[in-house]
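Trainee: These are the residues of each chain, in order.
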Amino acid sequence: MRWVNRRISRGNSVLLGAIPILLLVLLYLVLAASRHADNPNDKILPLPSGMAEAMSALLFQPDQLTGQLIFWADTLASLQRLCIGLGLSTLSALLVGLLLGVLPPVRATFGPLVTGIAVIPPIALLPILFIAFGLGETSKVALIFIGIAPFMIRDVAAHITALPREQMIKAQTLGASSWQLMLRVALPQAMPRLIQAVRLSLGPAWVFLISAEAIASDIGLGYRIFLVRRYLSMDIILPYVAWIALLAILMDMLLTWSSRRLFPWAHGAGH
Amino acid sequence: MVQPPALPLGTWSRPLSALLSLRNIWVEYGEKVVLERVNLDIEAGSFVSIIGPSGAGKSSLLRVILGQEAATRGSILLDGTPLTPECGPDRGVVFQRYSVFPHLSVLRNTVFGLECAQAPFTARLFGSRRRAAIAEAEEMLDAVGLGDSMHLYPAQMSGGMQQRLAIAQALIKRPRILLLDEPFGALDPGIRADMHVLTTRLWREYALTIIMVTHDIREAFSLGTRVLTLDKRRRDPHAPHRYGATAVYDLPLTKKAQATAPIDESIKLDAISNN
Numbered sequence: 001m002r003w004v005n006r007r008i009s010r011g012n013s014v015l016l017g018a019i020p021i022l023l024l025v026l027l028y029l030v031l032a033a034s035r036h037a038d039n040p041n042d043k044i045l046p047l048p049s050g051m052a053e054a055m056s057a058l059l060f061q062p063d064q065l066t067g068q069l070i071f072w073a074d075t076l077a078s079l080q081r082l083c084i085g086l087g088l089s090t091l092s093a094l095l096v097g098l099l100l101g102v103l104p105p106v107r108a109t110f111g112p113l114v115t116g117i118a119v120i121p122p123i124a125l126l127p128i129l130f131i132a133f134g135l136g137e138t139s140k141v142a143l144i145f146i147g148i149a150p151f152m153i154r155d156v157a158a159h160i161t162a163l164p165r166e167q168m169i170k171a172q173t174l175g176a177s178s179w180q181l182m183l184r185v186a187l188p189q190a191m192p193r194l195i196q197a198v199r200l201s202l203g204p205a206w207v208f209l210i211s212a213e214a215i216a217s218d219i220g221l222g223y224r225i226f227l228v229r230r231y232l233s234m235d236i237i238l239p240y241v242a243w244i245a246l247l248a249i250l251m252d253m254l255l256t257w258s259s260r261r262l263f264p265w266a267h268g269a270g271h
Numbered sequence: 272m273v274q275p276p277a278l279p280l281g282t283w284s285r286p287l288s289a290l291l292s293l294r295n296i297w298v299e300y301g302e303k304v305v306l307e308r309v310n311l312d313i314e315a316g317s318f319v320s321i322i323g324p325s326g327a328g329k330s331s332l333l334r335v336i337l338g339q340e341a342a343t344r345g346s347i348l349l350d351g352t353p354l355t356p357e358c359g360p361d362r363g364v365v366f367q368r369y370s371v372f373p374h375l376s377v378l379r380n381t382v383f384g385l386e387c388a389q390a391p392f393t394a395r396l397f398g399s400r401r402r403a404a405i406a407e408a409e410e411m412l413d414a415v416g417l418g419d420s421m422h423l424y425p426a427q428m429s430g431g432m433q434q435r436l437a438i439a440q441a442l443i444k445r446p447r448i449l450l451l452d453e454p455f456g457a458l459d460p461g462i463r464a465d466m467h468v469l470t471t472r473l474w475r476e477y478a479l480t481i482i483m484v485t486h487d488i489r490e491a492f493s494l495g496t497r498v499l500t501l502d503k504r505r506r507d508p509h510a511p512h513r514y515g516a517t518a519v520y521d522l523p524l525t526k527k528a529q530a531t532a533p534i535d536e537s538i539k540l541d542a543i544s545n546n
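Chains as they are written, first to last, in this note's numbering: chain A, 1 to 271; chain B, 272 to 546.
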């Protein structure tokens with residue numbers, strides 16, 4: 001049987017997916033153990049016991065200075081920034097994307113501006129944001145927003161523009177005004193695409209969050225990673241990176257699930 | 272308005288009884304002339320089939336009547352009033368594809384037209400008005416044979432069922448004219464025959480005025496009460512785009528077939544016209 005025709009059952013696909021991850025973990029453990037055999041104080045490839053020890057301090061013991069549980073405070077601060085940035089971007093992508101997609105005069109007026117903003121590397125704007133908004137929360141959220149909103153706006157607008165012309169004509173022959181067209185024809189059909197755009201933007205959003213936290217912050221997952229880097233604390237950096245990966249995967253799964261749940265018509269099998 | 276008294280009565284009676292009048296319609300895209308000097312009067316209750324080779328401007332003519340495109344020259348009168356080049360609820364349409372909204376169930380697709388008219392801001396109805404609208408939509412869906420499929424999404428239905436839905440959607444607005452742009456072109460022959468029966472029945476029951484563009488000559492003659500053939504009257508071999516098409520044949524069919532006969536073989540105009 002040709003490989004392109006092979007169907008993998010659900011149980012087997014979980015098994016197959018686990019193999020490379022387990023192999024990677026095994027490889028790490030072997031390398032870490034061999035380094036520790038040579039030098040029991042090795043910091044570059046810490047053993048799981050070392051990671052657990054280092055992380056337990058951050059997880060369960062309040063910080064002497066602030067009284068916070070550092071790991072959870074970092075997570076909360078980062079997620080808050082990320083969610084505000086994503087939320088604002090999503091909202092503006094929906095509003096602006098809808099207007100750009102449906103109304104040709106708005107597209108002609110603001111399309112070039114959105115395109116222009118979208119091609120600027122967001123990190124190049126970070127100094128401007130720090131100068132304009134200070135080093136607080138605003139500039140970090142603004143960086144995420146500027147980083148992903150133009151892409152999402154353009155994506156949603158392009159999707160709406162590409163809806164079959166017949167649908168728009170049909171709606172008008174049914175008496176729909178511009179407003180009713182946006183509300184009942186374009187908006188609902190833009191929603192699944194919007195969720196898709198959020199999923200694709202999650203990666204860049206994390207990049208901009210970690211960058212902003214690394215440069216100027218006093219709390220957050222990115223801040224912690226860049227802080228402990230000074231002490232070569234791989235036993236903290238590695239669990240933090242794994243935690244970020246886990247959070248990103250969970251958010252992605254949540255978005256996929258909600259799209260299938262809310263918009264079954266957009267996912268083929270609605271039976 | 273000054274009534275010219277000298278003209279004989281017959282000159283005036285025809286335009287006055289016409290539901291839709293096209294006066295000297297030209298459609299040009301830049302250098303290319305698609306339609307030239309189209310003059311038509313379409314009476315209420317007629318079923319006009321438009322045939323012609325590919326590129327003869329059948330769909331352009333339909334788009335102009337629909338209001339999707341503006342004619343370069345000429346005017347269109349509906350009930351004696353000039354039409355603006357914009358689509359409106361007085362002219363319903365069924366396209367070959369993409370006529371229905373994929374994100375709405377069959378019932379909600381049909382109710383949409385009522386919601387637009389009755390709720391300008393929310394485009395949704397509530398309470399007793401909603402119930403009344405749903406009852407009207409259900410009646411219309413029963414009439415097109417979708418009474419058992421009200422809660423399906425279009426993607427779950429066959430092409431024929433989607434076209435039935437598109438017709439129900441259009442008819443619920445009680446349009447003055449129903450425009451069909453190759454509505455059965457993408458359907459299987461068997462389903463197409465069913466759709467012919469349905470269309471004829473609806474045309475009679477709802478006293479519709481229908482203009483249908485089609486590639487299928489048999490379909491044009493079996494359904495229509497009048498068949499228009501669009502083609503170029505003149506051809507310039509060095510600049511073929513400079514002459515547009517117009518109605519070269521206008522055949523009123525006095526003997527209207529009572530029911531569509533079983534199809535033996537459909538003749539395509541493109542196959543015999545040398546273009």
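Please keep in mind that the hints were generated in silico from the structure rather than gathered at the bench.
Computed from a predicted structure; not experimentally measured.
One or more hints might be untrue.
[Unchecked claim] Here are some, though not all, of the chain A residues that point toward chain B, as calculated from beta-carbon distances under 7 Å:
#	residue
1	Pro164
2	Gln167
3	Gln180
4	Leu183
[Stated by the list, open to error] Sample of chain B residues facing chain A (criterion: CB under 8 Å; computed from the structure):
#	residue
5	Pro360
6	Phe366
7	Ala394
8	Thr496
From the three backbone atoms N, C-alpha and C, an ideal C-beta is built for every residue, glycine too.
Trainee: Run every hint past the structure and note whether it holds.
Mentor: Structure-based check of all given hints:
Against a cut-off of 7 Å between C-beta atoms, the interface hint on Pro164/A holds, since the closest Cβ of chain B lies about 4 Å away. For the restraint placing Gln167/A at the interface with chain B, the shortest Cβ-Cβ distance is roughly 6 Å, inside the 7 Å limit, so the hint holds. Because the closest C-beta pair between Gln180/A and chain B is about 4 Å apart, less than 7 Å, the hint holds. Look at Leu183/A: its Cβ gets to within about 5 Å of chain B, closer than 7 Å, so that hint holds up.
Interface hint at Pro360/B: satisfied, since its Cβ lies 4 Å from the closest Cβ of chain A, which is below the 8 Å cut-off. For the restraint placing Phe366/B at the interface with chain A, the shortest Cβ-Cβ distance is roughly 4 Å, inside the 8 Å limit, so the hint holds. For the restraint placing Ala394/B at the interface with chain A, the shortest Cβ-Cβ distance is roughly 4 Å, inside the 8 Å limit, so the hint holds. Hint on Thr496/B is violated. Least Cβ distance to chain A is approximately 23 Å, over the 8 Å limit.
Hint 8 from the earlier list is the only one contradicted by this structure; the remaining hints agree with it.
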